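The primary structure of each chain is shown beneath.
Protein chains: 4
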Amino acid sequence: MGGAGKQALSLDELTQRLARFAAARRWQPFHTPKNLAAALTVEAGELLEIFQWLTPDQAAAVMADPEQAHRVRDEVADVLAYLLQFCATVQVDPLVALADKIDRNELRFPPAPQE
Amino acid sequence: MGGAGKQALSLDELTQRLARFAAARRWQPFHTPKNLAAALTVEAGELLEIFQWLTPDQAAAVMADPEQAHRVRDEVADVLAYLLQFCATVQVDPLVALADKIDRNELRFPPAPQE
Amino acid sequence: MGGAGKQALSLDELTQRLARFAAARRWQPFHTPKNLAAALTVEAGELLEIFQWLTPDQAAAVMADPEQAHRVRDEVADVLAYLLQFCATVQVDPLVALADKIDRNELRFPPAPQE
Amino acid sequence: MGGAGKQALSLDELTQRLARFAAARRWQPFHTPKNLAAALTVEAGELLEIFQWLTPDQAAAVMADPEQAHRVRDEVADVLAYLLQFCATVQVDPLVALADKIDRNELRFPPAPQE
Numbered sequence: 099m100g101g102a103g104k105q106a107l108s109l110d111e112l113t114q115r116l117a118r119f120a121a122a123r124r125w126q127p128f129h130t131p132k133n134l135a136a137a138l139t140v141e142a143g144e145l146l147e148i149f150q151w152l153t154p155d156q157a158a159a160v161m162a163d164p165e166q167a168h169r170v171r172d173e174v175a176d177v178l179a180y181l182l183q184f185c186a187t188v189q190v191d192p193l194v195a196l197a198d199k200i201d202r203n204e205l206r207f208p209p210a211p212q213e
Numbered sequence: 099m100g101g102a103g104k105q106a107l108s109l110d111e112l113t114q115r116l117a118r119f120a121a122a123r124r125w126q127p128f129h130t131p132k133n134l135a136a137a138l139t140v141e142a143g144e145l146l147e148i149f150q151w152l153t154p155d156q157a158a159a160v161m162a163d164p165e166q167a168h169r170v171r172d173e174v175a176d177v178l179a180y181l182l183q184f185c186a187t188v189q190v191d192p193l194v195a196l197a198d199k200i201d202r203n204e205l206r207f208p209p210a211p212q213e
Numbered sequence: 099m100g101g102a103g104k105q106a107l108s109l110d111e112l113t114q115r116l117a118r119f120a121a122a123r124r125w126q127p128f129h130t131p132k133n134l135a136a137a138l139t140v141e142a143g144e145l146l147e148i149f150q151w152l153t154p155d156q157a158a159a160v161m162a163d164p165e166q167a168h169r170v171r172d173e174v175a176d177v178l179a180y181l182l183q184f185c186a187t188v189q190v191d192p193l194v195a196l197a198d199k200i201d202r203n204e205l206r207f208p209p210a211p212q213e
Numbered sequence: 099m100g101g102a103g104k105q106a107l108s109l110d111e112l113t114q115r116l117a118r119f120a121a122a123r124r125w126q127p128f129h130t131p132k133n134l135a136a137a138l139t140v141e142a143g144e145l146l147e148i149f150q151w152l153t154p155d156q157a158a159a160v161m162a163d164p165e166q167a168h169r170v171r172d173e174v175a176d177v178l179a180y181l182l183q184f185c186a187t188v189q190v191d192p193l194v195a196l197a198d199k200i201d202r203n204e205l206r207f208p209p210a211p212q213e
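Chains as they are written, first to last, in this note's numbering: chain A, 99 to 213; chain B, 99 to 213; chain C, 99 to 213; chain D, 99 to 213.
Don't take each hint at face value.
To be verified - Residues from chain A that face chain D, not an exhaustive set, calculated with beta carbons under 7 angstroms: (1) F128; (2) N133; (3) A136; (4) A137; (5) T139; (6) V140; (7) G143; (8) L146; (9) E147; (10) Q150; (11) W151.
Just so you know, these hints were derived from the structure itself, not from any lab.
Source: prediction; values computed, not measured.
Think of the CB as a built atom: it goes at the ideal place given N, C-alpha and C, for glycine as much as any other residue.
Same shape as in the complex, but just chain A:
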């Protein structure tokens, strides 16, 4: 499973680790909001690529295959990495942004009636 027994880092700690990683490789000049939004879209496409020809049954079973499961975790990591780095450049807290959006959506989409 990867990371078994390891204490998970928080989003803040991961964001700081990504910043140190980019700084040590002098990649910061490339990490503009526009480039990071492009990279985020590209990586989301790579995650979608795993599923594009699969039937619903095959898609539901994708994690049973160790190689496919690794690829899924790898693309999830890339999407999250670029999302956190994007958020750092524009100083948006993604947790606050999402909590605010759910608040708005609860007003916009009323729940289905109970039967």
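With chain A fixed as given, assemble chains B, C and D onto it according to the hints.
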């Protein structure tokens, strides 16, 4: 800024809130891994759309415009929402996936030499 | 079907019309290969958005609904417009590129055996 | 540039060649509009990936490098292939769709005034 003074929810709490939100609207049948990966890509594209014609200077100033800043936070929220819901369907912990990926990348990309 | 009775323009003629359209609005400085590749991805995502929550049956019936059908044609037009403009900036003939690719794929993927 | 001296196929001929290619490999069941729209987005992302970290000057010079130029033509071919196959499944003529869209855009975006 939205959410000022509010205690931020953790990723786990947001994931649970998203699950309750979808269940109350009976949206779970639509939330297959394939559909959620497609929706994630679409929303990442909407974030990129904000930046697609901007010069680097304009892109760096995007958060100074309240309307654009709102749009950025809104698309960040959508990307994170679909990423968390995708991870819930395939039972991947995105924080562990990213920590593991940074571990691998530290071996793969050696830091630039100090001058 | 839209354009019934109209003589279709060729790809070359459409490319020239797009170039005149952009020039008349002084949009050429924005039409760099990078920006056009980003816009192409964004528009492909908008086409995908129409289908993202649909079942296979609903997706197959999408053109029976005039509003959805219009949206599909509109996004197809946007994807083709940015693809042609991208190709013009890098001087790639998309018809030749595709014919060459099919040639390569015929060697790479042998046909299924006849039963 | 690739295929020099070869008579280019028209869009219609390429669409027919793609249909025969898929039929010979029994790939038609996978070629639903939803899957093809997903594949189109994924390939557009792969084209964008070539440019994502490039400066404007580097992006303008991308075709001077034979390996990069080949990759650009290859991704252009994939985008066009999935666009044509998508259009075939929904019976949209992409040339007519684009001509109609330019007509609408000429009304929507008036040209810049002459100086």
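Results of checking the hints against the structure:
The restraint placing A:F128 at the interface with chain D holds, with a minimum CB-CB distance near 5 angstroms, inside the 7 angstroms limit. Evaluation of the A:N133 hint against chain D yields a held restraint, the C-beta minimum of about 6 angstroms falling below 7 angstroms. Given the 7 angstroms rule on beta carbons, the hint for A:A136 holds: about 4 angstroms separates it from the nearest Cβ of chain D. A distance limit of 7 angstroms between C-beta atoms decides the matter here; for A:A137 the minimum to chain D is near 5 angstroms, and the interface restraint holds.
Taking 7 angstroms as the C-beta contact cut-off toward chain D, the hint placing A:T139 at the interface holds, the least distance being around 6 angstroms. With its C-beta approaching chain D no nearer than about 5 angstroms, A:V140 sits inside the 7 angstroms limit, and its interface hint holds. About 3 angstroms separates the beta-carbon of A:G143 from the nearest beta-carbon of chain D, less than 7 angstroms, and the hint is met. This hint holds: A:L146 has a C-beta 6 angstroms from the nearest C-beta of chain D, less than the 7 angstroms allowed.
For A:E147, the shortest C-beta to C-beta distance to chain D is roughly 5 angstroms, which falls under 7 angstroms, so the interface hint holds. Given the 7 angstroms rule on beta carbons, the hint for A:Q150 holds: about 4 angstroms separates it from the nearest Cβ of chain D. Hint status for A:W151 relative to chain D: holds, with the closest Cβ pair at about 5 angstroms, below 7 angstroms.
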